Amino acid sequence: MTVDWRPTAEIATLRERARLMAEVRAFFAERGVWEVETPVLGHGGSTDVHLASLSCEAVTPAGRERLWLQTSPEFHMKRLLAAGSGPIFQIARSFRDGEVGGRHNLEFSMLEWYRPGLDLEGLIAETEALIRRALPEDPGPLRRRRYRELFREHLGLDPFREPLDALRRRAAEAGGLDIAEASRDDCLDLLISLTIEPQLGREGIDVVVDYPAGQAALARRHRDPEDGEWVASRFEVYRHGLELANGYDELTDAAEQRARFEEDNVARRAAGLPEVDVDERLLAALEAGMPAGSGVALGLDRLFQLALGHDSVAEVMAFATPRA
Amino acid sequence: MANYSTNEFKGGLKVMLDGDPCAILENDYVKPGKGQAFNRVKLRNLMTGRVWERTFKSGESLEGADVLELDMEYLYTDGDMWHFMKTDGSFEQYAVEKKALGETDKWLKEQVVYTVTLWNDNAIAVTPPNFIELEVTETDPGLKGDTAQGGSKPATLSSGAVVRVPLFINQGEVLKVDTRTGEYVSRA
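These protein sequence lines map, in sequence, to chains S and L. Counting along the first sequence from 1, when you hit position 99 you're at 99 in my numbering, and nothing is skipped either side. Counting along the second sequence from 1, when you hit position 145 you're at 145 in my numbering, and nothing is skipped either side.
Be aware that a few hints might be false.
Said to hold, decoys possible - Beyond 12 Å from chain L on every Cβ pair, some chain S residues (computed):
{"hint": "1", "residue": "Ala172"}
{"hint": "2", "residue": "Arg234"}
{"hint": "3", "residue": "Val237"}
{"hint": "4", "residue": "Gly299"}
As the list claims (entries may be wrong) - Here are the in silico distance ranges between beta carbons for each label pair:
{"hint": "5", "chain 1": "L", "residue 1": "Lys86", "chain 2": "S", "residue 2": "Val3", "range": "29 to 37 Å"}
{"hint": "6", "chain 1": "S", "residue 1": "Val3", "chain 2": "L", "residue 2": "Gly79", "range": "48 to 56 Å"}
{"hint": "7", "chain 1": "L", "residue 1": "Gly182", "chain 2": "S", "residue 2": "Asp4", "range": "23 to 31 Å"}
{"hint": "8", "chain 1": "L", "residue 1": "Arg50", "chain 2": "S", "residue 2": "Glu23", "range": "35 to 43 Å"}
I should point out that these hints are in silico values taken from the structure, not numbers from a laboratory. Please read all numbers here as calculations on a predicted model, not as lab measurements. For glycine and all other residues, C-beta sits at the position ideal for the given N, C-alpha and C.
Turn these sequences into a full structure, and let the hints steer you where they fit.
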């Protein structure tokens, strides 16, 4: 039997990757955003219903305890912000159980940065500048697309108003999904993933804004001027159908954050998923006061995949999980 | 049978869907930025041969299907059923219905080994070998010296299949045929 020992990326590709890494660091150095390193193993994990955290047991000064592999460096970085760090970035190895496929790998490099005092529009512009710097040629113009407008354009329906049974029928048509008890957000997730996302970022960089309030995660909410519907103050960036980045106008209200974590755990229980310990240290940091501002997480492997003209993240990683 | 969750789906796994046994061909993981992950799965319905594309929420599971693929030698037909025998030395025989035989009925030859798909110990499909040697039972007379030129004509084979063959082929010759495309390969 031959053992597959070779890297999943070509050596030439990995050298290009190293060049792009240096480029990313230079980008932030020029802008006065400094690099931090935070733990991969933490006492708190992500309560997000759609993220599965890996955990391990380890001997620490407190004895043998369970630690969570971080799904992103968000919680630790927010504690730095609350401690007065100012603008910071990190290239963090992040872990998500079960995420496998052409655009996913169990562990991956997350580029995450925070800009106290900067609004969402300012952060969208900075994210755009970084992407343009990494891509070898001009990707074309940036377009802002409202979530609601995309559903109207591609599917002829209002995602916030369409009756649930009609939405389930559309989801079933699109995906052959067994949708008898699919929730509104499940149907919307399916429709955007299968019908809309592949069309995004074909002729430029598409930035989707004003997500449903139920998908706010750690972002603030605001009212849609159209009819006062609550929407999430967050954005996602797409290029060639690939989701590259996810940005928030960061929630700084500790009580609201605790309520959302607890809602997550209620949803986890309902879905038969294990509950995750709420990160009390993050909540204490928000209590102490985190400056208002925005932050964004960008899948660096995906950006490199596009910049170097590859078809999967495995082709720009030294050893993708199956060969790790 | 055990249940299999979407993250155990891989090519070749046999599962039950809408009451029919299916073989998984492809499994693609799709996830929006924040939200529910899905698996886009292509499956072949082993009863009909049709390919289905279905979407499952990641983590959902399907019941496994008790499906076996076994080598069996074709013995004979009694007109209603087609009889095959296991090649493992057990001499165990299986009777196959016309419906399960499907397109393979035109590639049958005694003593040739076929792949028989069993579901709950019933034969549901028969796959011929990729290449099979069959005798020409009927074709127009061959044209002498026309071995290099193009041009073809129909020929009926001993199994009943009709294939396009070069003009120089004569009745009574044994030919090698690709059962996947139904094309002539060479003289045997």
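To see whether the hints hold, each was checked on the structure:
1. Ala172: Violated: least Cβ distance 9 Å, not greater than 12 Å.
2. Arg234: It is violated; Arg234/S is separated from chain L by about 8 Å at its closest Cβ, not greater than 12 Å.
3. Val237: Since the minimum Cβ distance to chain L is about 9 Å, Val237/S lies within 12 Å and the statement is violated.
4. Gly299: 10 Å, violated
5. Lys86/L x Val3/S: 29 to 37 Å: Holds - the Cβ-Cβ distance for Lys86/L and Val3/S, about 36 Å, lies within 29 to 37 Å.
6. Val3/S x Gly79/L: 48 to 56 Å: For Gly79/L against Val3/S, whose Cβ atoms are near 54 Å apart, the range 48 to 56 Å holds.
7. Gly182/L x Asp4/S: 23 to 31 Å: 37 Å, violated
8. Arg50/L x Glu23/S: 35 to 43 Å: 49 Å, violated
Hints 1, 2, 3, 4, 7, 8 from the earlier list are contradicted by this structure; the remaining hints agree with it.
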